[in-house]
Amino acid sequence: MKKIILLVFTLALSLSSCEKDDICDANTPTTPRLVISFYDFLNPSVLKNVTNLKVVGEGMTDGIVFNAATGDAKYLTNGSTISIPLKTVGTSTSYSFTLNSGNTNPALVNVDNIKFDYTTQELFVSRACGYKTIFTLDPINPYTHTDAAVADEKWIEYISVEKSNLENENETHIKIFF
Amino acid sequence: MKHTLRSFFSFCLLLSLTLVQAQETTPVKNDPKSTKTDQMIPEAPLPLVEISPEIIKNDSIPVKTDRYGIRVGLDLFKLTRALYDENYKGIEFVGDYRLTKKYFLAAEIGNENKTTDDDRLNFTTKGSYLKAGFDYNAYENWLDMENIISIGMRYGFSTFNQQLNNYRIYNANPYFGEVPVIPSGKKFDGLSASWIEVVAGVKAKVFNNVFVGFSLRLNRLVTNKEPENFSNLYIPGFNRTYDGSFGVGFNYTVTYFVPIYKKKVKPVAVAKKAEKK
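Chains as they are written, first to last, in the numbering used here: chain A, 1 to 178; chain B, 1001 to 1277.
With the rest of the complex left out, here is chain A (with noise of 0.2 Å):
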C-alpha cells in the first residue's frame, strides 16, 4: 500500500516537473527567408560569387550579418547565395545591395535598391514556436530595381523570379545576374 502511494506520487510529480520544456526547435521550418542566388549574366547557368557584398534594408543601420568575423567585415559576403528577411508586418521590404562595399576606390563601389512587393499569410506552426509567416510574391510587381541616390550604373543586370511562393528556405527565390 505505501509503495504503491509513493510510486504513484514519483510518477506525478516527474510528469509535473517536465510541463515547460518545449522550445520552439530551431531546425523547425519557420518565417522563411527570401533566398537569393548569384548568377553571371554572360553565362546564366553558373554561379557566379559576388565581391564583398553589403545588404541593408531601408532604415537600418546596420546590414545583414552574413559570417561570424568582427567588425564591419561581417555584413559582407562573397558568396554566391544570400538569405535575407522579409518584414512581417507590411507587403513591402527594401534593401540596397552595396557591391564591394568597404573598397578604398570609390568608382568600384556600387549600390542598387530592390524593393520586394509580396502578401503575407499567418500559418499555425506549434506551441513552441506559435505562428509562422509565409509570403507570396506580387504577380504583376514582384519586385521594383532602382539605382542609387549617386546614379551610377545598375551593377544588377537582371532580375529573375524563379519561386513567387515563399514558403521554406531550401530553394532559390530569386536570381541576380550580374
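One or more of the hints may lead you astray.
Chain A is faced by these chain B residues, among others (derived, beta-carbon under 10 Å) [what the hints assert, rightly or not]: (1) Arg1120; (2) Thr1124; (3) Tyr1170; (4) Pro1174; (5) Phe1176; (6) Leu1233.
Honestly, the hints are just simulated from the structure, not real lab data.
Backbone N, C-alpha and C fix where the C-beta goes; we use that ideal spot for every residue, glycine too.
Mind docking chain B on chain A? Use the hints.
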C-alpha cells in the same frame, strides 16, 4: 506554476492524512468478563455442564456482506483550482456503480473553461466532456472495509471550442526587430476529440459512506478534430496535448456512497476444502 505546485503538495498532504485516518485501527478493548478470574474457591466440585454444539456455532465468524450501490461525488482539484488560478474554471462530477465484487462501472462528466498563456500563444478553451468505463478493485479488504485500489479504463469524449486571443510570429532572423504580440480573437467552433484513458486510483472510506480518493490517468487520443490553422493544444477532460497523442490527467475526489442492496460473501476457501474431502 508555483501556486500549482504548492497546492499540489498540500493536496498530497491532505490525501495522506485522510489515508492514514482510514488505515487507523481502534484498539479493541478487552472484554472485562473474559479476563475476570473467579476468586472464590468452590466448596463442592463443580457440576458437569453439558456443552452443546450450539455454543461453538455462536463462536464462528459472522457472515460477511458486501454493500452494492452508487457512489457519487465531485473532483475537488478542479473545483478549488478556480480559487487560485484565475485562468481556470472547471467542475467534474464522478460516479460509479458496483457491478460485481471487483468490478465497478465508472463515469466522469465535466465542464472546463481554461485560458492557456504560453510564450507564443494565448488561447481559451471551453467545453464539456464525458468519460465512461470500468474500474477493477485489486485490493482485498479485511472484514467490512470498503477501500479501493483500482485499475480501470475509460473512453472519453469532448466537444469544445477554442478562441485564439493573441499570438506571435516566430522569426528566427529578427533583423527588423521582434514582431510584437498580435491580437486575434479568432474562434474555432465545433471541435471534438475522443480518447482512451488508463486509470490508476485509490479510494478510502473516511467515515460512514464518505470516500476520498485520487486517480492518475494516462490518456491516448483516438480522434481529434483539429481547427484550421490552429491546433487543439488543450482538450477539456484530456488536458494539455503534447506532440504525440498521449496526455496525463489527475483528479482528487470526494464521493458519497448510496447503498442499494447487500450481498453475502461466500466463504470460498472453506467450500473448496470441503469439496476435496
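Checked hints:
For B/Arg1120, the interface hint holds, since its Cβ comes within 10 Å of a Cβ in chain A; the closest pair sits about 3 Å apart. Interface restraint check for B/Thr1124: the shortest CB-CB distance to chain A comes to about 15 Å, outside 10 Å, so the restraint is violated. Hint status for B/Tyr1170 relative to chain A: holds, with the closest Cβ pair at about 4 Å, below 10 Å. Annotation: interface hint on B/Pro1174 holds; nearest CB of chain A at approximately 8 Å, less than 10 Å.
Nearest Cβ of chain A to the Cβ of B/Phe1176: about 5 Å, under the 10 Å cut. The hint holds. With a cut of 10 Å, the hint placing B/Leu1233 at the interface with chain A holds, because the nearest CB-to-CB distance is about 5 Å.
In this structure, the one hint that does not hold is number 2.
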